[in-house]
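A.B. asks: Line by line, the protein sequences give chains A and B.
Quick note on numbering: our numbering labels position 178 of the first sequence as 178, and the sequence is numbered without any gaps.
Quick note on numbering: our numbering labels position 147 of the second sequence as 147, and the sequence is numbered without any gaps.
Don't read these hints as lab results, they were simulated from the structure.
You may find that some hints are simply not true.
[Stated by the list, open to error] DMTMM-like mimics (lysine to aspartate or glutamate), calculated; alpha carbons at most 20 Å apart, straight line:
| hint | chain 1 | residue 1 | chain 2 | residue 2 |
| --- | --- | --- | --- | --- |
| 1 | A | 47 | A | 103 |
| 2 | B | 285 | A | 146 |
| 3 | A | 108 | B | 192 |
2 protein chains.
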Amino acid sequence: MAQVSIQDSEIDIVIGAVQSDLTSFMEEWRPIFSRYHLIIVKDPDLKEELKVAGGFNVNVYTKSDIDRVVGSSSSTVLFSGYSCCYFGYLMSRKKYIISVDDDCSLAKDNKGDMIDIVSQHVSNLTTPATPFFFNTLYDPYRKGADFVRGYPFSLRNGVACALSCGLWLNLADYDAPTQALKPGHRNYRYVDAVLTVPARTMMPVSGVNIGFDRELVGPALLPALRLAAEGKFRWETVEDIWCGMCVKVVCDHMGIGVKSGLPYVWREERGDAVESLKKEWEGVKLMEEVVPFFQSLRLSKAAVSAEQCVVEMAAAVKERLGPVDPVFARAADAMVNWIKLWKVAGSQTAVA
Amino acid sequence: MAQVSIQDSEIDIVIGAVQSDLTSFMEEWRPIFSRYHLIIVKDPDLKEELKVAGGFNVNVYTKSDIDRVVGSSSSTVLFSGYSCCYFGYLMSRKKYIISVDDDCSLAKDNKGDMIDIVSQHVSNLTTPATPFFFNTLYDPYRKGADFVRGYPFSLRNGVACALSCGLWLNLADYDAPTQALKPGHRNYRYVDAVLTVPARTMMPVSGVNIGFDRELVGPALLPALRLAAEGKFRWETVEDIWCGMCVKVVCDHMGIGVKSGLPYVWREERGDAVESLKKEWEGVKLMEEVVPFFQSLRLSKAAVSAEQCVVEMAAAVKERLGPVDPVFARAADAMVNWIKLWKVAGSQTAVA
């Protein structure tokens, strides 16, 4: 399985706007993003007018677009806050999506060179993943790397990679308790590696900086788990963590891969972790239920597409987690609704 | 589970001497190794007199010691070539063992500082491992790192780490076919990371540069799989790969961890990969059987110590792999014999 050459036109950059003025964000990213089509989705809760920079090939979606496509005001809650980016995933018609939070800026690598997150995510997605055996020298498909002694030759072709999870310099993606406990804590370690997260290993996918193959797993990138006290800071949310476990289970079931590591973005400070902590973050409690659930979840052979996997997962969520906390029953409903939406809205021509 | 402070006297450095003149090797490592007790085991096939540098606290073992302890000349074959280091593991009475091949020299980190492999292995072994959920920022116990958002709090205490697998700069640990295909290929990427290899994920452990907790898993670091055409080059062997899978299965069964990554050693060229390839390396074929076997191996609850795990594994090897190739039946016998040796020789006072 060799690296595939892909066109710029096969990529959408999706940005969820939780702040109203995106001009400086877009100017910062212009050297990287200007070659690609952008989809910007304004958080439907955001009252101020959205400001975007000129000179981009961009579609902007707002609450009125969401209402029109989703068709019911109760469903628009799915797309509030950081979850607005999922509406962009729904509207995209491209094979690959790169999505980054609007409080991120460009990071530099160890040599001081500006990191092109799009080309790194695409490289991760278009070279094989190796989920069935661990390669100690990390991604064997990176330039200069290879499979180490003892790696079975029958596994060296690898499998398709569906999801690429990037990382963060400066403010890492910690939860509110961790950030509140170490308010001055910053991440400056640039780890020059990409690796395939092994099959059947669960992981906390962060939505801050990801790339994925929409054709392979798009339906599994879904907004479902919404905390009652969820606000407009990443550390108050777990929607992406839930979504990531759904994708990982789908990938494991379908025999495809997830990579983690490069590329890095620089993450700016925003909000006050101690204030967030006062909300008694439900995420701490819920993850104790969520992780064992996904670790033990096995899908049936009848589920052969991402859509079918999600529907089957939603039923298991309702049955096994529903009685634990009403937030899970709502997540299960949201998953079923998402697949309906994906089938209807996802098959229409693009809304411009 | 906090980091434990350990004494220099709890560590043995074990060197298998496959070359007769160790003086330059020992001089090179003097800044790191001189504080510790060394165990040097001379390859019993080596005819020349062994030369070691002065000024070390060292025990040297040769064929006559092996014959005396093992008691039967047919068993000494277990310790020939690179496998001579296992005799050192047997003779050690320390809690931690650090073992490095005699063709390795000191590597430098990204800042140009000399890497202290002992302190890095010990740090890996004395801080918890996290095999039950993947942390995207790698080892959360490293300075400057932490658990990312979504990591269950109940899993943040981690578990004991039993094995630390280091890596290689310059000549990486590839097999003969890979090295022969890319004779000029060298590894210069210093990846500044340590990670826990997830539970139930199999990996190719290299014996070139490792540290382990002898009290926890010593009996599982064993010489067993010996290829018919095995020579005196790492790329011709798989003994350490087999041993590593045994340790990984034991760790998974006992709920303890294995880490991989730092520290690096610099590996020098030795031998001619194309010449080695002419031997038709059996390792390629055997790994196709070995990996699925260990991936599917589950031990019984009755096995609660590393010794018991190995005995149970040996029976499974004999039953399931024995009919495939006689090399596996011999490996199963070697595993049983090793445990007998470990119980007898391992309980005696040190042979000086």
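A.B. asks: Any hints this thing doesn't respect? Which numbers, in order?
C.D. replies: Violated hints: none; all satisfied.
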